[in-house]
Amino acid sequence: MLSRVADSIYWMTRYIERAENIARFINVNLNLSLDMASGMAGAWQPLVMTTGDHEVFEKRYGTDYSRENVIQFLALDREYGNSIISCVAAARENARSVREIISSSIWEQINRSYLLLKDATQNRVAHKDPHGFFKGITDMSHMFTGLLHATMSRGEAFHFALLSQFLERADKTSRILDVKYFMLLPTPENVNSPYDVIQWGAVLKSTSGFEIYRKQFHRIVPKQVCDFLIFDPDFPRSIHCCLTNAKSALHEITGTPRAAVSNPAEKSLGRLCADLDYSDIDDVISTGMHEYLDDLQTKINQVGIGIREVFFKIPDNQTEQTSVQVQ
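Numbering (the working numbering), first residue to last: 1 to 327.
Please note: incorrect hints may appear among the correct ones.
To be verified - Derived lysine-lysine pairs resembling DSBU-like cross-links, with alpha carbons at most 30 Å apart:
1) Lys205 <-> Lys118
2) Lys135 <-> Lys205
3) Lys223 <-> Lys205
4) Lys215 <-> Lys267
5) Lys299 <-> Lys313
6) Lys118 <-> Lys223
7) Lys59 <-> Lys118
8) Lys215 <-> Lys313
9) Lys215 <-> Lys205
10) Lys128 <-> Lys205
11) Lys223 <-> Lys135
12) Lys299 <-> Lys267
13) Lys118 <-> Lys135
14) Lys299 <-> Lys59
15) Lys118 <-> Lys128
16) Lys59 <-> Lys128
As the list claims (entries may be wrong) - Simulated DEER-style distance windows between Cβ atoms:
17) Gly288 <-> Leu116: 40 to 48 Å
18) Ile305 <-> Lys128: 21 to 29 Å
19) Arg60 <-> Leu30: 15 to 23 Å
20) Asn123 <-> Arg96: 22 to 30 Å
21) Leu2 <-> Glu58: 21 to 29 Å
22) Met49 <-> Ser248: 30 to 38 Å
If you are wondering where the hints come from, they were derived from the structure by calculation, not from laboratory data. Even glycine gets a Cβ: it sits at the ideal position worked out from N, Cα and C.
Produce the entire structure from the sequences given, and follow the hints as far as they go.
Laid out in structure tokens, this is it:
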């Protein structure tokens, strides 16, 4: 497969997944605001801080981390490359460049989603009906994923799509968890309080893990929630499950046996999966939850860099068109 095509498939899927996860990310606070209207002061700033783009936000909005400004920045700001509208627009451009590879149904879904999102942005739906707006983003992504599995053959293009989807999902699950553990809890005395339980429930709901968790463990226990979101091998949005699936997709692309490596991307991803295989929640807590998640995000980024170097880097003597992408 041409590196240009693989690159476009990779980023098309990654941007759709990113848009969905940003919507989930915001819903952490929207869900909390329904239950704790009196305790939400200053709770919107952490959403921007954990993206690492707080300097970009402050250049445009100053230090006013109000609900309206944060939603505008993360969802609707076309000048911010990782906003929902920017992600869907970039996914659409990448899909346009590989229409001969993807199915017509996938292209139509992405194009329709962009047009609906553009119209919703103009009508300020995200501010007027935020829950409906962000649910629509999630439904859009689910439709895309369903069409991906239903209409694409299981060749290299399909596995590049899975690889990018699972890497993005692992990264965003870690960030959602980091928001709660490192920033949302205002005072130590609230630990294990009803206030704390409500917050952990919101985190689980933002990853679609609330019902699955309650069926398995019944009570919301913070340590158990962290273990579930990081290490559970079967929950499809746990970090461990996502990275294991990403590793499988990468080996399907290269044809390398699962126990071997043939390039730096496989090596870095294999090492990351091995670290998760032989770690547990007690190791995480002894390291420090925020420190562990911050290091994990760095390693996931390094995997992405390795994939780009191995599969997408174009030699200087070639003029192949690259895809639309925002790091």
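How the hints compare with the structure:
1. Lys205 <-> Lys118: Given that 30 Å is the threshold and the Cα spacing comes to 27 Å, the pair holds.
2. Lys135 <-> Lys205: 12 Å, holds
3. Lys223 <-> Lys205: 17 Å, holds
4. Lys215 <-> Lys267: Not satisfied, since the Cα-Cα distance of roughly 36 Å exceeds 30 Å.
5. Lys299 <-> Lys313: 20 Å, holds
6. Lys118 <-> Lys223: 41 Å, violated
7. Lys59 <-> Lys118: Given that 30 Å is the threshold and the Cα spacing comes to 24 Å, the pair holds.
8. Lys215 <-> Lys313: 45 Å, violated
9. Lys215 <-> Lys205: Cα-Cα ~14 Å, so holds.
10. Lys128 <-> Lys205: 22 Å, holds
11. Lys223 <-> Lys135: Cα-Cα ~28 Å, so holds.
12. Lys299 <-> Lys267: The hint holds at about 12 Å.
13. Lys118 <-> Lys135: 16 Å, holds
14. Lys299 <-> Lys59: 28 Å, holds
15. Lys118 <-> Lys128: Judged against 30 Å, a Cα distance of about 15 Å means the pair holds.
16. Lys59 <-> Lys128: OK: Lys59 and Lys128 at ~25 Å, within 30 Å.
17. Gly288 <-> Leu116: 40 to 48 Å: 42 Å, holds
18. Ile305 <-> Lys128: 21 to 29 Å: Hint violated: Cβ distance 40 Å, outside 21 to 29 Å.
19. Arg60 <-> Leu30: 15 to 23 Å: 22 Å, holds
20. Asn123 <-> Arg96: 22 to 30 Å: Holds: the Cβ-Cβ distance is about 25 Å, inside 22 to 30 Å.
21. Leu2 <-> Glu58: 21 to 29 Å: 40 Å, violated
22. Met49 <-> Ser248: 30 to 38 Å: At roughly 33 Å between Cβ atoms, Ser248 and Met49 fall inside 30 to 38 Å, so the hint holds.
Consistency note: the structure conflicts with the earlier hints numbered 4, 6, 8, 18 and 21.
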